[in-house]
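Asks: Using the sequences and the hints, build the whole thing.
For the sequence shown, the working numbering begins at 42 and goes up steadily by one.
For the record, the hints were derived by calculation from the structure and aren't laboratory data.
Given the structure is predicted, the values throughout are model-derived calculations rather than measurements.
Using N, Cα and C, we set each Cβ at its ideal position, and we do this for glycine too.
A couple of the hints might just be wrong.
[Unchecked claim] Label-pair ranges, simulated between beta-carbon atoms:
no.	residue 1	residue 2	range
1	F105	Q81	19 to 29 Å
2	R80	F105	30 to 40 Å
3	L103	A158	19 to 29 Å
4	R70	H118	46 to 56 Å
5	K75	W181	30 to 40 Å
6	I132	D157	33 to 43 Å
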Amino acid sequence: MYFFLLFIHSLFRWAVVLSLLYAVYRGIRGWSRKEVFTRQDDLVRHGTATIAHIQLAIGYILYFNSPVVAYFRSHYHEAIRQFDFLFFGLIHIVLMTIAIVFITIGSSVAKRQNTDAGRFRTMTIWFSLALIIIFIAIPWPFSPLANRPYIRPF
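Replies: Following this line, the structure appears as structure tokens:
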């Protein structure tokens with residue numbers, strides 16, 4: 042079951058990034074061109090938030106079952122001095138949670154805006170902030186924080 046969730050998590054991580062990029066693109070385009078906020082735009086807003094929430098739920102399950110995190114929690118004073126353990130035990134989960142909170146706020150506030158420009162603006166700003174936070178929290182292969190390959194073998 043753990044490896045199945047790890048596989049699903051690997052797929053959904055890219056779904057989150059791609060859906061956020063697409064939502065930000067649609068938001069910028071609609072905001073700058075003063076377009077009407079269509080049902081398609083609303084589906085992109087809602088779908089992006091849904092994908093992000095699924096990813097967060099899977100991420101929490103994996104986080105609390107991770108041997109790295111178990112070591113971090115049981116040897117906190119020692120593990121906090123090793124940046125890889127600090128990153129995966131604390132920084133990654135906190136930043137990803139904040140990013141999903143931003144997506145949730147942006148989606149909720151955009152849904153309640155009275156104007157199309159307000160919907161596009163709200164979605165663009167909140168989703169862009171979330172995307173920046175996610176890009177910081179991802180352990181890219183080139184990241185100075187922590188790195189992993191783009192696609193990990195299981």
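Asks: Confirm or reject each hint.
Replies: Here's how the hints hold up against the structure:
1. The hinted range of 19 to 29 Å is not satisfied by F105 and Q81, whose Cβ atoms lie roughly 37 Å apart.
2. Taking 30 to 40 Å as the suggested C-beta distance range, the pair R80 and F105 conforms, at roughly 38 Å.
3. Between L103 and A158 the Cβ separation comes to about 39 Å, which falls outside the hinted range of 19 to 29 Å.
4. The given range of 46 to 56 Å is respected by R70 and H118, whose C-beta atoms sit roughly 50 Å from each other.
5. Range check, K75 to W181: Cβ separation about 36 Å, and the 30 to 40 Å hint holds.
6. Distance hint check for I132 and D157: the Cβ-Cβ separation is about 37 Å, which falls inside the suggested range of 33 to 43 Å.
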